[in-house]
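A.B. asks: Chains as they are written, first to last, in numbering that gives the first Met the number 0: chain A, 0 to 292; chain B, 0 to 401.
Any given hint could turn out to be false.
[Said to hold, decoys possible] For lysine-lysine, the following BS3-like pairs were computed, each having C-alpha atoms within a straight-line distance of at most 25 Å:
| id | chain 1 | residue 1 | chain 2 | residue 2 |
| --- | --- | --- | --- | --- |
| 1 | B | Lys119 | B | Lys102 |
| 2 | B | Lys186 | B | Lys102 |
| 3 | B | Lys102 | A | Lys236 |
| 4 | A | Lys236 | B | Lys228 |
| 5 | B | Lys131 | A | Lys236 |
Because the hints were derived from the structure by calculation, they are not lab data.
Chain residues, written in single-letter form:
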Amino acid sequence: MKRAGFSNPWLPVALLLPQLSIIAIFFYWPAGWAIHSSFFLQDPFGFGSSFVGLDNYTDLFGAVEYRKVAGFTVIFTLLVTFLSLAIALLLAVKADKVIRGARSYRTLLMWVYAIAPPVAGFLGIMFFQQGNGPITQFFGFFGWEFMLGVNYTDTATAMVIVSVWKQIPVNFIFFLSGLQSIPKSVQEAAVIDNNSGTSRFWDITFPLLAPTAFFLLIINITYALFDTFGVVDTLVKGEPGNNPLTLVYKVYVDGFRGNDLGGSSAQSVILMVLVLILTVFQFRLIERRIHYT
Amino acid sequence: MGGQLGETVNQIAQDFNASQDDYTLIPVYKGSYEETLTSGIAAFRAGEQPNIMQVYDAGAAMMIASGGAVLPVADLFAQNGEEINVEDYIPGVRYFYADSNAKMIGMPFNSSTPIMYFNKDALDAAEVEAPKTWEEFQNVTAPALKDAGYVPLSQSALPWIFTENFMSRHNLPFATNNNGYDGFDTKILINNDALKGHFKAVAQWYEDGHFGWYGTGWSDNARPFEEGKVAMWLGSSGSFGGLLQKVDFPFSATMLPYWEGVTKEPTQTFIGGAALFAMSGHSAEEDQATAAFFRYLTSPEVQYFWHKATGYVPITEAAYELAQKDGHYERFPAAEVGVQQLSLPGSDNTKGYRLGFYVQIRDVMNREFSRILTGETDVDSAFEAIETEANQLMARFAKTQG
């Protein structure tokens with residue numbers, strides 16, 4: 000077979016250059032700066048600064064609060080990822096079976112996708128408002144006095160519910176198209192072998208959905224870790240107080256509200272490492288075990 | 000500033016532009032105090048700083064420490080051959096935005112102080128007067144108001160009202176180094192029995208239903224008062240104008256109560272609100288324009304207009320006199336409470352405070368105070384945590400200046 004190639008070795012470089020420069024300018028350069036400033040304590044206006052070595056990192060790991068925020072982020076991510084995947088899968092499986100009016104059902108379920116996170120957070124505030132929010136009143140009916148912004152667990156609950164609600168449509172769309180791409184012949188063969196719908200789902204449908212599910216798992220983890228910023232910011236109304244915070248929100252609070260550039264940079268570097276680990280995990284460990292048809 | 004305050008600021012800018020032909024002032028709203036400070040810093044680093052930036056009390060330390068970014072008001076006026084006489088200003092605002100040599104760095108603008116608003120109908124229903132001391136509140140006012148079906152009290156900023164101004168009201172030092180004015184190696188002094196005693200009482204009030212607390216946000220705590228559920232609300236003297244528009248019950252105000260057990264001679268409180276800082280790096284003509292606007296802004300007439308419209312205190316003695324002469328306080332006695340409180344006897348403890356990374360220190364306070372009220376921690380551990388974290392933050396800030 001003839002190997003395709005460029006006669007001029009500079010041509011491929013030139014063709015790649017736009018992409019490479021975008022990566023360099025918008026990723027490597029800021030990342031480099033973040034690493035650099037994480038070793039300094041700097042006057043916000045940029046006049047004075049002192050090199051503090053790893054102090055910013057040791058301060059973080061020594062802080063009870065930072066560990067608490069990290070702990071909450073883990074629980075929050077697990078809950079949001081699991082719930083939004085599970086509910087979306089259930090909805091997709093049910094929607095797949097609908098015959099009459101299928102299109103309108105699907106459209107309705109996808110609508111929420113178009114809502115921006117801060118708007119979702121704002122809707123959350125309206126629903127969970129102390130005293131007169133509809134959901135607050137609903138909980139009150141069962142004797143649960145829901146206090147958004149006062150009670151830590153209540154605020155966390157609202158954050159999880161709003162974040163999950165916001166993410167379900169994306170997962171739903173992917174699961175639904177995943178389900179529809181499973182060959183009819185396979186499903187019909189399964190019906191002959193096994194009469195139970197539940198076990199057919201777990202034995203046949205779910206494994207065939209695995210590539211979609213795995214892709215969504217990664218997307219949802221990153222969503223819960225990073226993209227819920229708007230929801231968190233709106234629900235805590237810009238006042239961290241004793242509210243549950245995620246790691247990304249803490250970077251913002253310390254860096255942009257408190258103007259502690261060094262401490263905030265150290266936190267972003269930690270998040271970069273986290274993303275790196277996630278990526279390695281994705282490609283090295285799981286990707287190999289998933290079979291794409 | 001947004002809302003009714005923002006409209007008044009725009010009005011002042013328009014009037015200034017109309018009052019002369021040499022300069023045009025363009026006011027820009029950049030969001031909350033925190034957001035304004037952050038975008039101002041970003042603009043400065045990009046070399047695109049505005050001529051004037053409004054910075055709130057908690058950000059003052061950062062502005063004044065960053066010597067190069069700010070053109071001190073005293074210097075700005077000196078360039079134009081004028082001098083600032085601090086005696087022209089009412090006592091409470093003289094030193095808050097000044098350096099340790101009493102040189103004015105920021106131009107005090109929207110100056111407020113925490114005062115106690117009360118719903119007259121509620122107090123009449125309970126047949127009580129607004130309390131002067133916390134002892135009176137605890138023993139007389141609160142139980143009576145609760146029996147009359149009201150939540151007796153709420154407040155909108157625990158660090159500002161129940162901490163910083165607790166210290167100034169009781170003439171107690173807030174931090175070492177002369178409240179932080181004299182250096183960066185400052186330690187916070189809040190871990191003391193007087194303040195802890197106050198928070199133990201507050202926690203008890205909360206438990207007994209004598210105190211309502213609705214989260215960290217300002218308006219979450221103001222709303223129940225505006226809706227008539229809470230009888231008394233500790234807010235800013237600058238909230239007066241907004242309240243006049245919002246509430247449909249008769250209200251008035253009185254000074255921030257104090258503990259008779261701590262002091263028999265309560266002192267003046269700190270000003271809150273914000274100051275205007277002239278940013279460095281502009282041409283002499285533009286600086287002249289800034290000076291002209293500051294002169295216009297501090298003129299008695301403009302100060303009186305601002306005071307009338309918003310409730311923020313008139314910052315000069317002349318403006319205060321004008322308001323008195325005009326009979327403003329006969330019409331609205333509540334409007335005078337802030338000025339009176341800022342004109343009480345003062346001391347070194349009441350000039351102000353200058354603590355680095357103070358925005359974060361306030362966040363730590365808010366967090367720990369919330370935990371006290373929700374029962375997640377006790378008062379002693381909360382104050383230990385605040386002391387430790389505040390001192391760490393200030394030590395970190397000291398290094399940013401190295």
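A.B. asks: Please go over all the hints and tell whether each is borne out by the structure.
C.D. replies: Cross-check of the supplied hints:
no. : hint                   : verdict
1   : B:Lys119 with B:Lys102 : violated (42 Å)
2   : B:Lys186 with B:Lys102 : holds (24 Å)
3   : B:Lys102 with A:Lys236 : violated (37 Å)
4   : A:Lys236 with B:Lys228 : holds (22 Å)
5   : B:Lys131 with A:Lys236 : violated (33 Å)
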